[in-house]
Structure formats: structure tokens, C-alpha cells
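Whenever a hint applies, use it, and build me the whole structure from the sequences.
One letter stands for each residue in the lines below.
Protein chains: 2
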Amino acid sequence: MTKQLIECVPNFSEGRRNEIIEAIVEPFRKRKGCALFDYRADKDHNRLVVSLGGEPDSVQEALLEAAKVAISNINLAQHQGSHPRIGAVDVIPFVPLQNITMEECVDLAHRFGQRYYKETGVPVYFYEEAALRPERKRLEVIRKGQYEALKREVVNSERHPDVGEPTLHPSAGATVIGARKILIAFNVNLGTDDVKVAKEIAKVVRSSSGGLSHVKCIGLTLKERGLVQVSTNIVDYEKNALYRVLELIRMEAKRWNVPVKETEIYGMIPAAAIVDNMSYYMQTSGFDPSQVIELRLLQMLGDDNT
Amino acid sequence: MTKQLIECVPNFSEGRRNEIIEAIVEPFRKRKGCALFDYRADKDHNRLVVSLGGEPDSVQEALLEAAKVAISNINLAQHQGSHPRIGAVDVIPFVPLQNITMEECVDLAHRFGQRYYKETGVPVYFYEEAALRPERKRLEVIRKGQYEALKREVVNSERHPDVGEPTLHPSAGATVIGARKILIAFNVNLGTDDVKVAKEIAKVVRSSSGGLSHVKCIGLTLKERGLVQVSTNIVDYEKNALYRVLELIRMEAKRWNVPVKETEIYGMIPAAAIVDNMSYYMQTSGFDPSQVIELRLLQMLGDDNT
Chain A
3 MTKQLIECVP
13 NFSEGRRNEI
23 IEAIVEPFRK
33 RKGCALFDYR
43 ADKDHNRLVV
53 SLGGEPDSVQ
63 EALLEAAKVA
73 ISNINLAQHQ
83 GSHPRIGAVD
93 VIPFVPLQNI
103 TMEECVDLAH
113 RFGQRYYKET
123 GVPVYFYEEA
133 ALRPERKRLE
143 VIRKGQYEAL
153 KREVVNSERH
163 PDVGEPTLHP
173 SAGATVIGAR
183 KILIAFNVNL
193 GTDDVKVAKE
203 IAKVVRSSSG
213 GLSHVKCIGL
223 TLKERGLVQV
233 STNIVDYEKN
243 ALYRVLELIR
253 MEAKRWNVPV
263 KETEIYGMIP
273 AAAIVDNMSY
283 YMQTSGFDPS
293 QVIELRLLQM
303 LGDDNT
Chain B
3 MTKQLIECVP
13 NFSEGRRNEI
23 IEAIVEPFRK
33 RKGCALFDYR
43 ADKDHNRLVV
53 SLGGEPDSVQ
63 EALLEAAKVA
73 ISNINLAQHQ
83 GSHPRIGAVD
93 VIPFVPLQNI
103 TMEECVDLAH
113 RFGQRYYKET
123 GVPVYFYEEA
133 ALRPERKRLE
143 VIRKGQYEAL
153 KREVVNSERH
163 PDVGEPTLHP
173 SAGATVIGAR
183 KILIAFNVNL
193 GTDDVKVAKE
203 IAKVVRSSSG
213 GLSHVKCIGL
223 TLKERGLVQV
233 STNIVDYEKN
243 ALYRVLELIR
253 MEAKRWNVPV
263 KETEIYGMIP
273 AAAIVDNMSY
283 YMQTSGFDPS
293 QVIELRLLQM
303 LGDDNT
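Top line first, the protein sequences correspond to chains A and B.
Under the numbering used here, the first sequence has 43 at position 41, and the numbering climbs by one with no breaks.
Under the numbering used here, the second sequence has 282 at position 280, and the numbering climbs by one with no breaks.
Think of the hints as simulated: they come from the structure by calculation, not from any bench.
One should not assume that every hint holds.
Any copy will do: because identical chains look the same in the list, a pair fits if it lies in one copy or spans two.
Straight-line alpha carbon distances no greater than 27 Å define the calculated BS3-like cross-link-like pairs of lysine-lysine that follow [what the hints assert, rightly or not]: (1) K120 to K205; (2) K218 to K153; (3) K256 to K218; (4) K146 to K34; (5) K218 to K201; (6) K183 to K198; (7) K32 to K5.
Okay, here's the thing in C-alpha cells:
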């Protein structure tokens with residue numbers, strides 16, 4: 003497959019007004035070469051998370067259109083929500099999928115950031131792999147104190163944007179643009195209503211308290227179902243596979259004599275991760291994703307198109 | 003996607019001489035509209051399994067070219083291998099993939115069989131959905147006693163070929179051509195050199211002796227590796243999943259105190275089967291193949307093409 007394909011997961015600070023939400027996602031539906039994978043608005047967060055895929059040029063064009071809708075309809079000065087944010091368009095991560103390296107996605111993020119500022123007047127910070135200052139790899143550093151604090155502190159050199167004047171856009175704030183790997187959201191539901199069990203297991207699993215690298219994890223209650231959940235984010239599925247996370251949770255759950263009731267993969271997952279998980283459980287030797295018919299057809303169609 | 007697409011999985015009786023193997027697959031590489039998905043030669047089987055996809059016309063042209071290479075280089079009278087066979091070109095199944103019905107694939111098999119005999123002089127038997135005699139739906143009926151027995155018995159009316167004179171090609175034997183659903187070839191290698199164990203397990207697994215429906219299975223020796231293999235063909239993966247076959251084999255292997263060393267998925271597999279297997283082992287609830295990034299991209303590219 004010669005065509006370059008990326009994923010992009012832009013986050014917008016609008017989770018309540020349906021007509022605005024629909025107007026924001028419209029460009030992703032319409033644009034050729036761009037596929038709207040999924041979008042989820044959360045009222046408490048007052049935030050919209052969109053997942054899309056496609057060719058870099060189409061994705062960028064659609065992003066600019068969507069961003070302009072968001073910028074002219076969202077006023078950060080009046081925005082309230084439980085999720086941290088600094089802009090109407092809060093975060094735009096580019097994710098390499100096919101025939102594109104992380105370096106190329108970083109370059110794409112930088113070029114897009116320049117154009118984005120020129121066309122919208124909203125200043126830009128670069129994060130994760132695209133960070134220009136090492137501390138800005140971490141989104142929480144850029145977003146510290148959120149819009150309200152950044153509005154005052156942006157004049158200080160350590161909080162200057164990477165693109166644009168050291169002042170926020172009056173209503174749309176600033177936007178964080180970057181490049182990162184695919185992230186998989188994976189939940190394991192346990193047959194107990196004791197959230198302590200989920201919290202203890204989460205502590206064992208997550209990297210921050212000494213568990214598996216590249217895995218974030220919390221324990222929480224699913225009230226309506228009378229279950230608890232070990233909720234994980236796998237930040238690098240090539241370094242820590244889902245099956246390893248699941249088997250560690252199964253192992254720890256035995257200590258509490260609690261069964262794993264079911265698991266959920268939330269949102270998108272790359273085919274390679276599915277193949278990897280199957281191969282572990284089935285002891286498959288030498289299996290190659292190119293043996294999957296649809297992946298080969300994707301390759302063939304991609305080649306035909308170029 | 004309006005284009006007709008088929009899969010084809012020709013099996014050739016050559017698994018050892020690399021230069022012949024490469025010469026056989028060359029036409030599949032070169033022909034436009036035809037994609038060489040995969041090819042695997044097995045020294046013990048002394049057999050080459052090719053998997054290709056593409057447009058019906060291109061696939062047929064490439065098949066004829068490849069068959070002529072095989073026919074002029076393989077002598078069944080001297081051929082030895084652990085896999086049953088009756089011809090240099092042993093089996094050619096056509097499989098509907100996109101925008102083509104099973105009936106159209108049957109028709110294609112019949113027309114191709116006539117042309118194949120005319121151009122090569124190798125007699126043809128039709129099998130599976132393309133069978134002209136009901137008992138010939140089953141490949142093993144046609145292949146009974148293999149080349150060595152068929153050579154003598156072909157003169158008997160019940161073993162007459164469907165196309166051609168009732169005599170085998172002196173060096174290339176006969177070829178079985180047909181149409182069928184996607185078939186998954188799945189092998190389970192056991193940590194013993196006692197072929198009796200593999201044969202006993204195969205008997206339990208295969209539908210013909212009372213095992214799982216839609217599953218064919220034989221036990222054989224992998225001499226070079228000092229292992230035995232339970233070699234299965236899953237004829238309808240929607241009715242009997244791979245994981246069920248594997249778990250039944252694991253269960254039976256315990257009776258012999260023999261470990262499952264590894265498994266092999268031989269050739270192509272549809273994405274739905276991989277998702278299904280992963281979901282079983284990972285207890286995944288409500289997982290939808292449209293969550294797989296590449297499957298969404300395939301949909302997008304397919305739509306763009308029409």
C-alpha cells in the first residue's frame with residue numbers, strides 16, 4: 003500500500019449543544035479521503051472527542067473546517083466542564099497508521115500548526131512526539147491551570163505558545179497539536195461490587211505504581227450493573243499487549259476470588275493488536291497480518307488508487 | 003466496490019525445489035488484476051499452497067500459466083510427500099469474495115476446467131459446489147488411494163474424470179477444480195513423534211467420524227521436526243470457529259499427555275475469524291469489527307473507488 007494513512011483524534015470543548023456538535027463533525031463526514039470513525043460528546047466533561055482516519059491532506063482540510071466551526075461557536079470565557087481544557091479546539095493528535103512514520107507525523111503536526119495559526123489566529127502548543135520543549139511532551143504541563151490560568155500566564159516566556167503571539171485568542175484560547183502512537187482503551191469488568199478490588203488490581207497493573215510499562219489504569223464502580231471495572235489505557239500496544247494486561251488482571255483477580263465477567267475494547271483498535279492477541283492464545287507460530295484477506299484487499303485497493 | 007473479486011487457492015505438488023516453486027508463483031506476481039496473497043511450500047508435505055485474489059479473468063490467465071510450469075516440472079510417478087495428492091496441479095478452488103455469487107464461481111470453475119483440459123491435457127474432476135456427481139463434493143472421495151491407486155482405477159466408470167479421457171496424464175496425474183466457501187487451513191503441532199496420537203485426535207475432531215461439523219482433519223508426521231501434526235481444514239468458520247477446534251485438540255492431547263507445541267494458520271483467513279477467536283479468549287463483549295481501524299479504511303477506500 004503506497005497511500006499514507008493517519009488517524010486523528012481531535013477534542014473540542016463542546017459536549018452539550020447538539021447542533022454545534024453536528025456542525026463540527028460535518029466536515030469529517032463530507033470530505034473525500036477522510037472517514038469519521040467515531041464521535042462521543044460528554045455533557046459532564048462538556049467535551050467532544052472525534053476519531054477519524056484517512057489521507058493526511060484530506061484530514062487536515064477537514065480539521066481546519068471543523069476547527070473554524072468550533073472557534074466561532076465556543077467561548078472559553080463562558081465554558082464550564084469537568085475535563086481540563088485550554089481551547090475551543092483543545093487537542094489535535096496525529097497518529098501514524100500506514101506508510102507514514104512518526105517523524106513524518108511530527109512534521110505534519112508542525113506544518114499544520116503553522117497553517118492553523120495563520121488561518122484561525124489561535125496560538126498553538128506542540129506536545130507528545132511533536133513537543134519543541136521537552137517538558138511539553140506532557141499534555142498536563144501545557145494545560146496546567148487550564149484556560150483561566152494560561153490566559154494570565156501566557157505572557158511569561160515559559161508559557162509562550164510555540165506558534166503565535168504570547169496572548170490567547172479571546173474566545174477560543176489556544177490549541178495543543180501533536181503526534182503520538184495509537185492508544186487502546188481496554189476495560190475489564192469484575193464480578194463483584196467491591197471497588198476496592200478493582201482499585202487494588204489497577205495499582206498492580208499501572209506503570210505509575212510499578213506495574214506494566216505503557217499502561218494507565220484505574221479502578222471504578224459500574225453502579226447500574228453492580229460490577230466494578232479495571233479501566234486501562236494502553237499507550238503503546240506493541241510494548242505491552244492487551245493479553246498481557248488481561249492475564250495480569252485475571253491472575254490478580256484470583257487473589258480476591260473474583261471472576262472476570264467480560265472485557266470491553268472501547269473505540270478503535272489496530273488489526274495488528276487483534277492478530278497479536280489471537281496469536282498468543284492460539285499459540286500461532288509465524289502468523290503474519292498479511293494473511294488476513296481484508297488487509298491484503300486494503301493493500302491492493304491502496305495500490306490501485308495511486 | 004463494484005469490481006468482482008475472487009480468491010483462489012491452487013495447490014501444487016512441489017514443496018522442496020525452490021526454483022520450481024518460484025517459477026510456479028511468478029505468473030501470480032506479474033499479472034495485473036491478480037494479487038499473490040501468500041504461498042507456502044512444505045517440505046514434509048512436498049506441497050505448495052498458493053493463495054491469490056483478484057478479478058476472475060486475470061486469476062484464470064495466471065492460473066493457466068502457473069499450471070503449465072508445474073505440469074512440465076513435476077512427475078507424480080516419482081513424487082513423495084505426506085499430503086495426499088493426485089496431480090502436479092492437485093486442487094484449484096475458486097472462492098467468492100466480493101460482488102460474485104457462489105453460482106457464478108461454480109460456472110467459472112466449469113468453464114475453466116474445460117479450457118484447462120484443452121490446454122494441458124490433464125483430466126479434471128469437479129468438487130465441492132462445482133461437483134457434477136454428488137459423491138464428488140468431497141475431495142477425499144476423488145483423491146481416494148491418491149495418484150498411485152487412481153492411475154489404475156481411473157478406467158472404472160465411477161472414477162472417470164469429469165473432463166477428459168479416462169486415463170491420467172502420465173506425469174501430471176489429474177486436477178481437481180471447484181468452488182467453495184473460504185476455507186481456513188489450521189494445523190496443530192504436537193510435542194511427540196508418535197503419529198498414532200495425531201491420528202487418534204484427528205479422528206475425534208473431524209466431522210466424518212463424528213467430531214465437529216464442517217471440520218476435516220488428518221494426523222500426520224512432520225519428519226524433519228520430529229513432531230506430529232493434527233492438520234485441519236475448517237470448511238465453514240462461521241459454523242465452527244478455530245478456537246473450538248483448538249480447544250478440542252488441547253483437551254484430547256491431555257489424554258495422551260502430549261503438549262500442543264504451536265499452531266499454524268496456513269494461508270489466508272478472514273478478519274471476522276480473527277476477531278471471533280480473540281473475543282472468545284479475551285471474553286470481549288459487544289466488540290464490533292467496525293472498531294478495527296483497517297476494516298474502516300477498507301470501507302472508505304472501497305467507497306471512494308465506486
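Against the structure, the hints:
Proximity of K120 and K205 under a CA criterion of 27 Å is satisfied in neither setting, with 40 Å inside one chain copy and 71 Å between copies. For the identical chains of this complex, K218 and K153 are intra-copy neighbours only, at 25 Å inside a copy versus 66 Å across copies, given an alpha-carbon limit of 27 Å. In this assembly of identical chains, K256 and K218 lie within 27 Å of each other by CA distance solely inside one copy; the values are 21 Å within and 38 Å between copies. For a Cα distance limit of 27 Å, the shortest separation of K146 from K34 qualifies neither inside one copy, at 37 Å, nor across copies, at 55 Å.
Taking the closest pair of Cα atoms, K218 and K201 come within 27 Å of each other only inside a single copy of the chain (12 Å); across copies the shortest separation is 47 Å, beyond that limit. In this assembly of identical chains, K183 and K198 lie within 27 Å of each other by CA distance neither inside one copy nor across copies; the values are 31 Å within and 49 Å between. For the identical chains of this complex, K32 and K5 are neighbours both inside a copy (20 Å) and across copies (21 Å), given an alpha-carbon limit of 27 Å.
Taken one by one, the earlier hints fail for this structure at numbers 1, 4 and 6, listed in ascending order.
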